[in-house]
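Enquirer: Please work from the sequences and hints to get the whole structure.
Quick mapping for you: the protein sequence lines, in order, are chains A and B.
Quick note, the first sequence lines up with residues 1 to 282 if you use our numbering.
Quick note, the second sequence lines up with residues 1 to 363 if you use our numbering.
Hint data in this document are derived by calculation from the structure and do not stem from the laboratory.
Just to be clear, a hint being listed does not mean it is correct.
[Said to hold, decoys possible] The calculated SDA-like cross-link candidates involving lysine to any residue, where the alpha carbons are at most 20 Å apart (straight line), are:
no., chain 1, residue 1, chain 2, residue 2
1, B, Lys311, A, Thr260
2, B, Lys73, A, Gly60
3, A, Lys154, A, Ala88
4, A, Lys13, B, Lys311
[Stated by the list, open to error] With beta-carbon atoms standing in for the labels, derived distance ranges:
no., chain 1, residue 1, chain 2, residue 2, range
5, B, Ala223, A, Glu157, 54 to 62 Å
6, B, Ala185, A, Arg5, 39 to 47 Å
7, B, Gly292, A, Ser171, 29 to 37 Å
As the structure is a computational prediction, the values presented were derived from the model and not from experiment.
Glycine residues also receive a C-beta, built at the ideal position from the N, C-alpha and C atoms.
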Amino acid sequence: MNPSRTENVYLPKVAILDRVVEDIAEVRTFYWHFEDPAAQTEFKRFRPGQFAQVSLFGVGEFPASLPPSPAEPETFFTVRQVGSCTGALHRLKPHDRFAVRGPYGNGFPMEQYRGKNLVFVAGGIGLIPLRSCIVYAMNHCDHYRRIQIFHGAKTPEELMYLSSLRDWEKSGHAECHLTVDRACNGWGGHVGVVGSLFKKPGVSVPVEDTIAFVCGPPIMFRFVIRDLLAMGFEERNIVSTLERYMKCGVGKCGHCCIGTAYICVDGPVFTYEQIKKLGEDI
Amino acid sequence: MKARVLAGADVLKIVDLLRREGREVIAPFCGRGRDTYFDIVTDANRADIQIHLPNPYYPPKRFVFPHIERLLKVRGNDGQFQIEPTYEEPRRALFGIRSCDVEGIWHLDRFYLGRDFRDIYYEKHRLNLFLVNIVCTDPARDIGDECFCVCSDTGPAARDHFDLQLMDLGGGEFMAVAGTPAGEALFADPIFRMGTAAHVERRRAILGEVRRQFKTTTSWFPATVRYVSEGRIPEKTWEEIGNRCLECGGCTYVCPACTCFTVSDRRVGPNETERVRIWDSCALGGFTRMAGGFNPRRAVHDRRNRRFFRKLAYYFIQRELSMACVGCGRCAAVCHGDVGMPSVVEMLRRASADVNPNEPVKD
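Expert: This is the structure we're talking about:
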């Protein structure tokens, strides 16, 4: 048997909550840091698209994507309150302690995408896991050609990271296109599903040498994929990040397995070409 | 591998040797009727250890992967937390485990220790575990109606992965084979003596004869593995299998090669919680249910599909170097709907034959 010391992969490290920012209804961003500065330095080596396991002791543990880019000074999670663990996180106040382990997963191969156009398509809180790549791409905008962000939500109140989207647009490195399913008072923008933005007058989506990042609810995913394929995108140039019920994050507990892949260690990032071959519906 | 011969009357002295080494020895016992179980050997029950008996339904897997195991203890005071991992590091021997279960533990070894992330809890249980395998030779007592290790190629005699293997040669003699240096070290004891070519010949003859005693011999894994891996099983067949599944989870709990677990936090004191892991089952509806209620694998037949895909698909065989079925037959014995591994393999093979695109005979 392996004589080298085995690390305890289930052991989380204590983290301290710094501040909480309200994003949209039931979704908040939690800025935090590790109690141990060495752990913080080590953790900051994460890649865009990876995730971490967040522990609320006495309640449980849940996987959360990492929306910050590694280059950003602060680490944070953006989490919607859906179950008992996320609910417990939402009840924490600044200076409260919880615990984190990770980062896990493969992440997006951003280096491989050098010299390409990047198209981000996000439905609702699907923008959260893509935020890391967007910020990474903005910081390395000389590595990439055009950067486009298409973001749709049910209502204008449910659009994610609105102020960041405005900043990215203002920087001149990215085009942002927003849409909502139902317009409310004061919404002067586009109305329709996110795929309808591709055909909006004045919008041209490059297909050659382009990577499309897609993340959102299953129904949105299905239609956006259909649109992208119809536009001529190759299956291997469409990437997404999947989610599943997950307990361990390290390929042992068996919950997140879809077909032949463990989302936690083989993913969560897959190309559409891979997703199709998993052998099970996503 | 080195082999020795010992008298049948001396076999249980191996248990004494292991106990003298300071090991906790686990051995099989008979309860009433079919009931058999593994238990810790004490001075009081030492004489009741059984060499030939039906394999206990509750597999010895729990001695390396307990059905409930504490991972962490967390003490919290005034908003501060102390997280303390807790380990069990037993010095144990499993006496009398069958070849299928030896292969089961070997499968778990590769699953928990052979990947990117090594499981330290499993490793600590496994590190000082001594395995004494007993070859199933008695058709009446050892080989059950559901046993099918001859189909999964894991028995009746394990080829490796044990420390010591014992086989009843009849006539009051046993053959002992050492699989590791630790097993070989036991041969220093005077109960072991050198065997002859005749003993080796007897072993071969007995094994040849025993292989003919299995009642379940039609589990044609290679064809099924191919069909499952190629996605050639009709949805209708999974539905038929799903319709017969009572969703009790029994097959996964008795399986020596099932690895899934869930993790749960529980309060154990005013300022203390512990995190435990518990065996989980892909047969149960909540296995993939996410917070918020969305369940991507809700239908029973999807879950059955999942279990057999995970066990039989070529992809996973490549990943773990063996399929996750060791032919012990426990799932077949406990399943009320008769959708244990041998029946399912047969159903899948028949169903695939029906839709074989290469079938040369057309009507």
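Enquirer: Decide, hint by hint, whether the structure agrees.
Expert: The hints, checked one at a time:
For a cut-off of 20 Å, the pair hint linking lysine 311/B to threonine 260/A stands: about 11 Å separates their Cα positions. A distance of roughly 13 Å separates the Cα atoms of lysine 73/B and glycine 60/A; the hinted pair therefore holds under the 20 Å criterion. Between lysine 154/A and alanine 88/A the alpha-carbon distance is near 26 Å, which puts this suggested pair outside the 20 Å criterion. Our distance criterion of 20 Å between C-alpha atoms is broken by lysine 13/A and lysine 311/B, whose separation comes to about 35 Å.
Judged by the Cβ atoms, the range 54 to 62 Å given for alanine 223/B and glutamate 157/A holds: they are separated by roughly 57 Å. A hinted range of 39 to 47 Å is violated for the C-beta pair alanine 185/B and arginine 5/A, which are about 26 Å apart. Checked against the given bound of 29 to 37 Å, the beta carbons of glycine 292/B and serine 171/A, roughly 35 Å apart, stay inside it.
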